[in-house]
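Novice: Now for the letters of each chain:
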Amino acid sequence: MIECKNISKTYKSGAAETKALKNVSFKIKEGEFVAIIGQSGSGKSTLMNIIGALDVPSNGSYFLDGSDISSLSEDELADIRKKKIGFVFQSFNLLKRTSVLRNVVLPLIYEEMDKKKREELARKALRGVDLSEDHFFHLSNQLSGGQMQRVAIARALVNDPAIILADEPTGNLDSKTGDIILKTFIDLNKKGKTIILITHEQSIAEYASRIITLKDGEIIEDFDNNEKSKLIPILKNK
Amino acid sequence: MLYRDLLEETFLAILSNKVRSGLTALGIVIGIGSVVAMMSIGQGATADITSNIQSLGSNLLIVSPGSQGGVGSNVRQGQGSAQTLVLSDSDAIKENISSAVSVAPTVSTKKQVIYKTNNTNTSIYGVDAEYLVIKNLEMEFGNFISDSVKRNSRVAVLGPTARDDLFGENVDPVGESIKIDTQKFTVIGVTQAKGGTGFGSSDDLIYIPLTTAQTYFTGSEVLSNISVQVESEELMVVAQNEINTLLLERHKISNSEEADFSIMNQSDIMDTVSSVTGALTLLLGAIAGISLVVGGIGIMNMMLTTVTERTREIGLRKSLGAKRKDITMQFLMESIVLTVVGGVIGIFFGWAVSWLVGKFGDMTTVVTFSSIFLSFGVSAFIGLVFGYYPARNAASLNPIEALRYE
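These protein sequence lines are chains H and Y, in that order.
Under this note's numbering, the first residue of the first sequence is numbered 49, with each subsequent residue one higher.
Under this note's numbering, the first residue of the second sequence is numbered 464, with each subsequent residue one higher.
No incorrect hints appear here.
Covered by chain H, per the in silico footprint, the following chain Y stretches (three or more residues, Cβ under 8 Å): (1) 767-779; (2) 784-793; (3) 856-867.
Straight-line Cα separation of at most 27 Å, DSSO-like style, residue types lysine-lysine; simulated pairs: (4) Y:Lys786 x H:Lys164; (5) Y:Lys481 x H:Lys144; (6) Y:Lys788 x H:Lys144; (7) H:Lys163 x H:Lys144; (8) H:Lys60 x Y:Lys786; (9) H:Lys132 x Y:Lys788; (10) H:Lys239 x H:Lys75; (11) H:Lys70 x H:Lys132; (12) H:Lys165 x H:Lys131.
The set of hints was computed from the structure by calculation and includes no laboratory data.
Think of the CB as a built atom: it goes at the ideal place given N, C-alpha and C, for glycine as much as any other residue.
Please model the entire structure based on the sequences and the hints provided.
Specialist: Next comes the structure, spelled out in structure tokens:
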């Protein structure tokens, strides 16, 4: 599903060059739940931008669903994002003063889907993240943090993308709400969604079934977490 | 993005900041409104003057004394001050020019006129019966000077304004006597008002028989001008040339550039006047146009602020798959909708202002469809021009940086 081959990314500012990624290679299969972990400056944000088709690598190839997208134009990348990737951000990025339903519908507006069909899909996605119907017409800024993040996840799910890309999704939430959000990801993963979680906290990465650790732009560890994650209490309680 | 969705997004965005959108649109309302109002005043003045000229009579040629400013005569004399046109010239035109239906020789002078304690200083026109026909005059009271009026008889026909000044409004003064300069005259009629003020007004004057005017006031055969009504519009040029040849011959002038008279054609007057009023309309429109440009800058300012404020939203939309075109259209549509809505309100506002000016300002105002279409087009164009730069800025934002923007 995802294959990165010798990916490098170099930022130039003036004469100084920063190598954010150095020869990174890995594969992610369909249905995996992968955490990419690293301290700030490790290159995890750069990697997320490339995986999320927001940016292209300076060198190397990135295959998404078998096609090389490492040299596409801006608008072609937008098309890839629209069809294949669902983003979940640390700060939710919901449209303020806009209803929950309209926020979730937003990606489908760019797909030029008709109104009735897209609202149906939005309702389904919202039910999928356990948000009650009463909230559908609330304005996004009237919700709690956890609710907002669930709306954001519903928005990421609504166009049925191949990958959910979550960038520090619990960073702005308390640990209890964070747990609920992470549990939502585990549920989605069980339903077959590929999930990539970017974080700097080991405790959050532990929820994933595979942990890729980045340091100074290189992968220093690629760890199968399957056995261990079964021990996480929240899963045992389920 | 579907157009319906685009419009929905646009209205949601505009309504989410009502005060700011309203104030920005107000700039356009005032701009478009003043263009419509100013153009209506300019076009009203044009219509006014045109109808005044038309009220002079149709298919009219006016022969005036004085040179046409030929070679070697840099100094032009004031019109009517030269004394080269005489009554026999008028008689010759009447006899020799077959296409001349009526010929009306006129002398004019300005005199003090007195009735009891009222007095006014007004134009005295010495005319004959044909003048009535040529100038399309109609009578309110009494009769005009006719062929049965004896030579040198001291009778006068008043224009309505002169009547108002001397006798008061709506009074029938027929049979009363007035004093023009030192001579006593009997009033035999009052003409109907032809409307209009200033140039071409035939309301503020007094008509007396031509012979009387020449005997008592000018003391010579000299005429101020000769009005010639031509049979049809097609014959205007022919008649003008024939009169020119005839008068050159009579005045014994071989070089037509040294002619001591000039012939004005009604359409010449109209051309001159309409070029002046056209310039006036353009000037008024241009002054109002400045406020429209200022309004446009207001739109651009607001859109730039909006784009900055909504940087994260733009980043989000891009991450959800919005293309450059989608973002450009979204912001362009906002500015176009603002200016078009402002423009439509502005048209009504300008219409109302021009109506008020027409009603209370003693001025004719004309709102034409062309000025409405023009302003509407201009407002949409302004939305496009002043909205394009902010929209392009928005579209060219890098999604990664936009999402990180605080």
